[in-house]
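Student: What follows is each chain in one-letter form.
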Amino acid sequence: MILKNPGVLSDASASLCLCFILLVPFAVAGLSLVNTGLNRSRNAAHAILMSLCIAALASLIFFVCGFAWEGGAGEQAHVLNVAGQKWDWLGAAEWFLRGVNFDKWRGSLVVLLQLASVAVASIVPAATASERWRLAASCASTAVFAGWTYPLFAHWVWGGGWLAQLGVNYGLGHGFIDPAGASCIHATGALTALSLAWILGPRRGKFTSDGMPSAMPGHNAVIVLFGCMLALVGFFGLNSAGAILFAGIHSAQSVLINVNTSLCAAAGAIAALITTRVRFGRPDASLTANGWVSGLVASSAICAFVKPAEAVLVGLVSGALVIFAIEIIELRMKVDDPVGAIAVHGVAGIWGILALGIFGQFVEPLASGIGSSSQIAPHGDSGQFVAQLIGVATLIGFVLPLTYALNWLINRVLPQRVALEGERQGMDLFELGAGAYPEFVTHREDFNRR
Amino acid sequence: MLAGWLLVLASVVLLHSLESRTAFVCAGLLVELLGFVLAARSHLPFQREGAKRDS
Chain A
1 MILKNPGVLS DASASLCLCF ILLVPFAVAG LSLVNTGLNR SRNAAHAILM
51 SLCIAALASL IFFVCGFAWE GGAGEQAHVL NVAGQKWDWL GAAEWFLRGV
101 NFDKWRGSLV VLLQLASVAV ASIVPAATAS ERWRLAASCA STAVFAGWTY
151 PLFAHWVWGG GWLAQLGVNY GLGHGFIDPA GASCIHATGA LTALSLAWIL
201 GPRRGKFTSD GMPSAMPGHN AVIVLFGCML ALVGFFGLNS AGAILFAGIH
251 SAQSVLINVN TSLCAAAGAI AALITTRVRF GRPDASLTAN GWVSGLVASS
301 AICAFVKPAE AVLVGLVSGA LVIFAIEIIE LRMKVDDPVG AIAVHGVAGI
351 WGILALGIFG QFVEPLASGI GSSSQIAPHG DSGQFVAQLI GVATLIGFVL
401 PLTYALNWLI NRVLPQRVAL EGERQGMDLF ELGAGAYPEF VTHREDFNRR
Chain B
451 MLAGWLLVLA SVVLLHSLES RTAFVCAGLL VELLGFVLAA RSHLPFQREG
501 AKRDS
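Protein chains in written order, with our numbering: chain A, 1 to 450; chain B, 451 to 505.
I should point out that these hints are in silico values taken from the structure, not numbers from a laboratory.
The reader is advised that the hints may include incorrect statements.
Now the stretches of chain A that chain B is said to cover, found in silico as 3 or more residues with beta-carbon under 8 Å [to be verified]:
(1) 382-393
(2) 406-420
Not everything, but these chain A residues come out facing chain B in the computed CB check (under 8 Å) [what the hints assert, rightly or not]:
(3) A29
(4) V79
(5) L80
(6) V82
(7) W89
(8) A93
(9) F207
(10) K334
(11) G397
(12) F398
(13) L400
Being a predicted model, the structure only gives us computed values, none of them experimental.
For each residue, glycine too, the CB sits at the ideal point set by N, CA and C.
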């Protein structure tokens with residue numbers, strides 16, 4: 001709600017911010033558990049190992065070159081001159097974090113937050129592509145995502161890039177605003193997930209010959225729901241730290257941010273619960289979990305700029321929306337998304353970005369290098385909404401084709417889909433040589449008789 | 451989809467009033483949506499299998 005010039009962080013604010021950042025890995029853990037629980041048991045070990053590998057590799061690649069290309073507001077960048085205006089399109093910092101001054105709070109906290117954020121973004125595609133995505137191919141795809149796609153868009157939004165400067169250069173509110181990654185983390189991850197789902201195709205047996213989807217329920221609803229609760233803790237950290245570092249929110253506002261995050265997630269879960277009860281006759285555990293996570297994703301955009309009642313409204317819409325989006329993606333688009341990640345992270349992320357343009361209140365000028373220093377955007381400012389629309393257009397019109405092309409190229413060099421035998425056996429046995437639950441073997445009847 | 455995005459970028463650079471920018475940004479989004487629908491249709495799994503069988 002209040003945007004202040006962040007300037008130099010005080011020791012107290014920086015320490016609080018550090019504590020928030022240390023919570024972010026819980027988001028990685030929670031989302032990994034959700035993904036694993038919604039997979040079948042024969043793919044469980046592979047799913048969680050893939051999440052771990054992807055998180056690790058994403059952080060390493062981001063350390064090598066990603067952070068250099070993301071850069072920071074006011075730092076060195078590649079700039080184009082278009083019709084008399086500067087279009088900052090790519091960071092130009094040094095590789096291997098060599099230009100980062102770890103003696104100063106702000107720069108070093110941004111590095112730490114980004115190492116965790118890129119891991120969260122990178123595991124989103126793994127959710128959609130699970131049960132048929134080879135481990136080696138997932139590592140290659142993650143390297144490209146964490147090293148290029150994510151830093152490029154994150155620079156445009158968080159690094160003082162052209163989207164952030166839409167307010168200064170073209171008078172569109174405060175420029176595109178996304179304090180905690182609804183677009184940079186979730187929507188980019190979801191669009192990569194969609195392109196992978198298109199390239200990989202559906203799992204064997206997912207659709208009947210006449211195109212009807214068959215149910216392939218996850219193996220453990222308990223860890224799915226536990227993952228949701230763990231993710232809430234991670235999103236507390238992600239939203240608070242992102243708002244302090246990227247939107248210049250005063251650390252005293254972190255209570256409001258966490259209240260909004262909780263309410264948005266709760267409203268999302270309840271909306272999904274009611275929607276599934278009304279549509280299918282009984283509440284659905286996995287879809288309710290999806291509603292919860294969709295509320296968290298939408299909260300990433302709005303958490304710092306709305307009142308609690310508006311956060312509830314945004315959460316209710318995201319929870320209901322995600323149920324319909326999952327149906328459309330599966331029934332109409334025939335996309336096989338075992339976890340529903342495209343709807344949860346993509347649709348809810350885009351909804352959050354637009355909701356910020358509708359409900360966001362910006363009392364003071366945004367002066368953190370990501371927006372206008374001369375304009376004050378009132379509630380429902382139309383210029384701000386247009387800036388948010390331009391961000392959405394960039395996601396659909398640029399990020400999706402880019403990530404599709406990159407994954408298509410990877411697929412030409414290193415086939416991403418596992419062999420048919422791998423799907424039949426399960427990814428655990430085929431790629432890892434052992435299952436997740438070796439003591440719980442289902443024996444056939446003739447085996448028991450012997 | 452790229453064409454729609456370029457339309458959005460052009461509207462930001464070339465137009466000055468908020469109304470015309472809004473209209474062209476919405477038009478660009480519609481073009482993107484059209485591209486998205488075409489991309490989704492071209493990736494329908496049964497269409498691909500049918501094409502393979504035909505060839």
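Student: Taking the hints in turn, state whether each one holds.
Tutor: Hints, one by one, checked against the model:
1. 382-393: holds (count 7)
2. 406-420: violated (count 0)
3. A29: Hint violated; A29/A Cβ to chain B Cβ min 32 Å, cut 8 Å.
4. V79: Because about 15 Å separates V79/A from the closest Cβ in chain B, which is outside the 8 Å limit, the hint is violated.
5. L80: violated (11 Å)
6. V82: OK, holds: V82/A within 8 Å of chain B, min 6 Å.
7. W89: violated (11 Å)
8. A93: violated (25 Å)
9. F207: holds (6 Å)
10. K334: holds (5 Å)
11. G397: Since chain B brings a Cβ to about 3 Å from G397/A, closer than 8 Å, the hint holds.
12. F398: holds (5 Å)
13. L400: Holds, because the Cβ-Cβ distance from L400/A to chain B comes to roughly 6 Å (cut-off 8 Å).
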